[in-house]
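Undergrad: Generate coordinates for the entire structure from the input sequences, incorporating the hints supplied.
There are 2 protein chains.
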Amino acid sequence: PAKPSSKGIQVMPKAQTSHPLDPLSAAEISVAVATVRAAGATPEVRDSMRFVEVVLLEPEKGVVALADAYFFPPFQPSLIPRTKGGPVIPIKLPPRRARLVVYNKKSNETSIWIVELTEVHAATRGGHHRGKVISSEVVPDVQPPMDAMEYAECEATVKEFLPFMEAMRKRGIDDMDLVMVDAWCVGYYSEADAPSRRLAKPLIFCRTESDCPMENGYARPVEGIHIVVDIQHMVVIEFEDRKLVPLPPADPLRNYTPGETRGGIDRSDVKPLHILQPEGPSFRVNGCFVEWQKWNFRVGFTPREGLVIYSVAFVDGSHGRRPVAHRLSFVEMVVPYGDPNEPHYRKNAFDAGEDGLGKNAHSLKRGCDCLGYIKYFDAHFTNYTGGVETIENCVCLHEEDHGILWKHQDWRTGLAEVRRSRRLSVSFICTVANYEYGFFWHFYQDGKIEAEVKLTGVLSLGALLPGESRKYGTTIAPGLYAPVHQHFFVARMDMAVDCKPNEAFNQVVEVNVKVEEPGKTNIHNNAFYAEETVLRTELQAMRDCNPLSARHWIIRNTRTVNRTGQFTGYKLMPGSNCLPLAGTEAKFLRRAAFLKHNLWVTQYKNDEMYPGGEFPNQNPRVNEGLATWVKKNRSLEETDIVLWYVFGVTHIPRLEDWPVMPVDRLGFMLLPHGFFNCSPAVDVPPSSSSDSEAKESVISKTVQNSLIAKL
Amino acid sequence: PAKPSSKGIQVMPKAQTSHPLDPLSAAEISVAVATVRAAGATPEVRDSMRFVEVVLLEPEKGVVALADAYFFPPFQPSLIPRTKGGPVIPIKLPPRRARLVVYNKKSNETSIWIVELTEVHAATRGGHHRGKVISSEVVPDVQPPMDAMEYAECEATVKEFLPFMEAMRKRGIDDMDLVMVDAWCVGYYSEADAPSRRLAKPLIFCRTESDCPMENGYARPVEGIHIVVDIQHMVVIEFEDRKLVPLPPADPLRNYTPGETRGGIDRSDVKPLHILQPEGPSFRVNGCFVEWQKWNFRVGFTPREGLVIYSVAFVDGSHGRRPVAHRLSFVEMVVPYGDPNEPHYRKNAFDAGEDGLGKNAHSLKRGCDCLGYIKYFDAHFTNYTGGVETIENCVCLHEEDHGILWKHQDWRTGLAEVRRSRRLSVSFICTVANYEYGFFWHFYQDGKIEAEVKLTGVLSLGALLPGESRKYGTTIAPGLYAPVHQHFFVARMDMAVDCKPNEAFNQVVEVNVKVEEPGKTNIHNNAFYAEETVLRTELQAMRDCNPLSARHWIIRNTRTVNRTGQFTGYKLMPGSNCLPLAGTEAKFLRRAAFLKHNLWVTQYKNDEMYPGGEFPNQNPRVNEGLATWVKKNRSLEETDIVLWYVFGVTHIPRLEDWPVMPVDRLGFMLLPHGFFNCSPAVDVPPSSSSDSEAKESVISKTVQNSLIAKL
Ligand SMILES: [Co+2]
Ligand SMILES: [Co+2]
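Chains A and B, in that order, give the protein sequences.
Each residue of the first sequence is one higher than the last, beginning at 9 in our numbering.
Each residue of the second sequence is one higher than the last, beginning at 9 in our numbering.
Take every hint as true, because none was put in to throw you off.
Identical copies look the same in the list; a pair holds intra-copy or inter-copy alike.
Computed list of lysine-lysine pairs in DSS-like fashion (alpha-carbon distance at most 27 Å, straight line):
#	residue 1	residue 2
1	Lys522	Lys604
2	Lys528	Lys251
3	Lys302	Lys279
4	Lys522	Lys579
5	Lys528	Lys479
6	Lys522	Lys462
7	Lys140	Lys100
8	Lys383	Lys279
9	Lys251	Lys479
10	Lys579	Lys479
11	Lys279	Lys373
12	Lys604	Lys640
13	Lys373	Lys462
14	Lys604	Lys528
15	Lys522	Lys479
If you're looking for bench data, these hints aren't it; they were derived computationally from the structure.
TA: Rendered as structure tokens:
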């Protein structure tokens, strides 16, 4: 029963406990899987179902607005959606929906299912699950991502294949327990790779008989064996022992375990460093909703992207909650290698679309992965056969001191004002085969958002013939070779700069700084100026970085101005970046055409999510995804803007990247540009130095005493 | 008396307590000043002496090696210099020397003095100072940097100048106490700026009558008044009231003091965050010598450069102490503005050479400027009249946690190894008029060195006529305008990659990644490779960044190889960068030709220190400094290499940069590249997560209790 609120707007009793953007709960995933399985026509169909991905089908933006305005306080009344007749008065939110990608292992068919999860929460309490299939659709000519279970089965299949065992014996390997078979996607090079078959092309490595508990098996690549596995039927369909390259000698520096287990000694002079927040963190978390300083947003997670950030907004005093973005995530990444030789030319992993950043995420450990006061979020998935699996402590939320925020010292008086910067970091780390990627979103007090990727893990190596060296990489150790490669990441940013619900008034402006012509008004030749160009259509908005013109892009609201009368905006500030160094006709670029530009801008469309299409694995369709969508050349003059920022790094391996590469970082920033009337960080309070010193000395003493006493 | 050491090498008793690279002590500065003053021919000459700079005259590299080997343990015996006849056996180190830049205020002459400080240390204890003039030399046609005393006198002079007071009254300003006169260097635009006169061209600002204790006076630029001051005689020599621009209205957002004093309120939700090192820091400091993890180096300081890092080396197990660099510092910076109008076209501050980064350094505050366990270093200078002044806590040395250092998780077992990164930061912060610059050198456990500049402070503004807007900048507030500008920094790196004493076996290689030609060995068109080019001569080594070819530079030792037989090296990895956007014929570029390339490489020469020459102020000599030195086109094939890395950022002001700009960062990295045989960070011990959690919880509880009890 509706009852009037104090402002005369009718407020409904909540029917939902989940926000429309909350990831599916374990219970919801179970219901969705059971519903789809029950809809299978025959027992055989039901048995053949493999659950590649089960995720929330994200609702329309209007539903989110409704939820934020009515059902999930404490949002601003200004957010209540309005029609001509006055505020919208909803009875309740629409039911949540799941979207499932199902692979039929028997028929080699991929299908997409939509399931409505009616009153799952109420029902699960009583033990009654209710789901309803809304639609199902077979997607022709695709192969969905590989699954961990397939990886394991593929390894077992290869290791039992007699010609393979024979080839390994030729290389002096009798013990199959030492052999590692890493299934890699085949990509698409010719009709032989067509998705009518589900294929993998494994890389082979071999551990030694050492007793190191976590020996680095990637240190001994086994070269020259060509294998293709049909992973639908789990049989080796191509096998050839093409070239006998001796196993590289066991590198004494290959391991990365603690000193005593790798024949070394660890440093003993790293003194402990603790981060203490005696009054707790400055953030508040309610379900998936995070509030910190003036920022608020929702945390989401998908098996493909990993962390998703929804509904990013800044609470700006009397202006209330000002949206910045609807949805931020990393939707794809590609790692193309530069060696044209077998097997390296096939290495161009699409780690999100062919595998999954989220489902390969780590369970993080306090004190090791993260310091300080941590709030962790768990993530729920299906495994291949439809069981629910949970990665505990999968997303890390914590605060960090980040050096000085701003400072000025008056040279006349010597008086200084200085503030320390605090940032809020949300992150996860995943492993895709040999490499690790950490994805971090940092929120700052000055309105800045930073996206940062950390790269670490083990190089993907090849073995060399004695005396051989290769133009296309670095010899890392005797007989061991690391080909040059690039790492590209695609951030998809569905922006909402100053957009109230049901508003879509954004545009993108490119800024280039230009040298002024010499002349009477520029007699000292010092002049330069920023030139702005509105990116009016999608084809005009395929752009590359240009540090020499200080090129950047501003996402502006065309209906909101700051105190100087300029449109409010956020600017995308590139960090270091590059473009593909492969030839423009490279085969993998037909699937990864989105790498050809650093920036793409599209008009929002809910099913345009993945820049290389939803199924890049074995994809025969040239330029699927972004490069095709933009051919519609939709207008970008005043609309709901999606930015696709593509950034990468060229990795020429160093000896120092072995056996585990020290973290390298790259990323970009979103900075307010005329969004505020002045620095939003001016109100950060000063630290009291004397206070801080006194407290720290008390803390230090107490800690020392207590540690001596208690530990 | 020499006595034989255990290894048969004679070791001398120490005659010095100062290392040859220690900055001058306060006592040494006093002696140097007194010695020079005493050498003045007449009382008039002595009275006219102004002491612009008094610094250590750095000794030859051989003397440093000698000191390190004999007098300042615990260095490696392998460092003892050798001649053909065996180890060198010194009696004692040569005396320390001071170098003084003296300006004769009467004669307008600048001279350079070298003073030998014989036994100053012994002598000062007994009260007897001894210095000896070694040389003195008048430098024609230069103007040394401006001094703080001149700034103050220039301001007073202008404020007492009747036509100026009249012009201010015309603008409604009667109270001269509100007026701020910032003396700026005139640069060199024509013969009128010749160094035969010592000139300043002040910018005028005016505070309001508010009672804010630290009102931001830069918020009201006074436009249209042309003034030139002869600061030798402290008289206004040119004055013209050219254009009446009304004072901008007092911007309510101009102040940056705590909330209650600026008419706002500060955030109250920043909870305390403490960094605790209960067992102390991991570094050891002995005088100016710093040891941390496997790094060691010496801290120095000059009035011009600020922080100097000497003798950087990495202790690499059985390989001992391996040098990386002799000397690292920032030797110049330039901030050219893009507006061709008065007074902005004159703004292109050479903040090191015209003013001084070191002598404008801050006294830092624990808890505000720096967190954690801090070791501060003081800095000593002369003031203009020769008195010794000390900036206490001028250089900050501390450790920081820096996120994950490396990680790998085995996908087969789920077992992970992860290490946390600790870094050592050495830094200082200075104010040059309105802007602040923080200069940071970070040392990492993986052998990386990062140079980072933090930019903050107050924008340099102009006032606009009502309704006016300008192509060359951003309107920041009504009537207030911030011209576009660039900030350039020059890092001078005197390298010593794997160079033992008296060795100079370095070369520089440029690396560009190239797309491979299509063809039979590249049928999938994926191939690319790194191409190396030795920079053989100085003219060949004028290079610019190129992110598209992943361009970087490697400093190699041509006599030392790693385990794969490649030369050992360190690579200079650019961060984001730019080039000047002024026209190539811009007047200021005649003094700043070094900005025309991002990289310069020279053969070491002890008097080639400042890329625009020692005295850029009013400098009429086109291309003095780097651009002239490289015309010698010396060989760089195997020598003592000095790298000059020039990097900058184009600053298009945002409303959010006002009233104090949130810190922006830029910089570059030096990374080992085949310097080590594998990652030097592999031996960093793991944090024990359970241990760390237990300890942190004990600490947290104890702290809370004790804070409640004691505070
Ligand atoms: Co890599
Ligand atoms: Co600036």
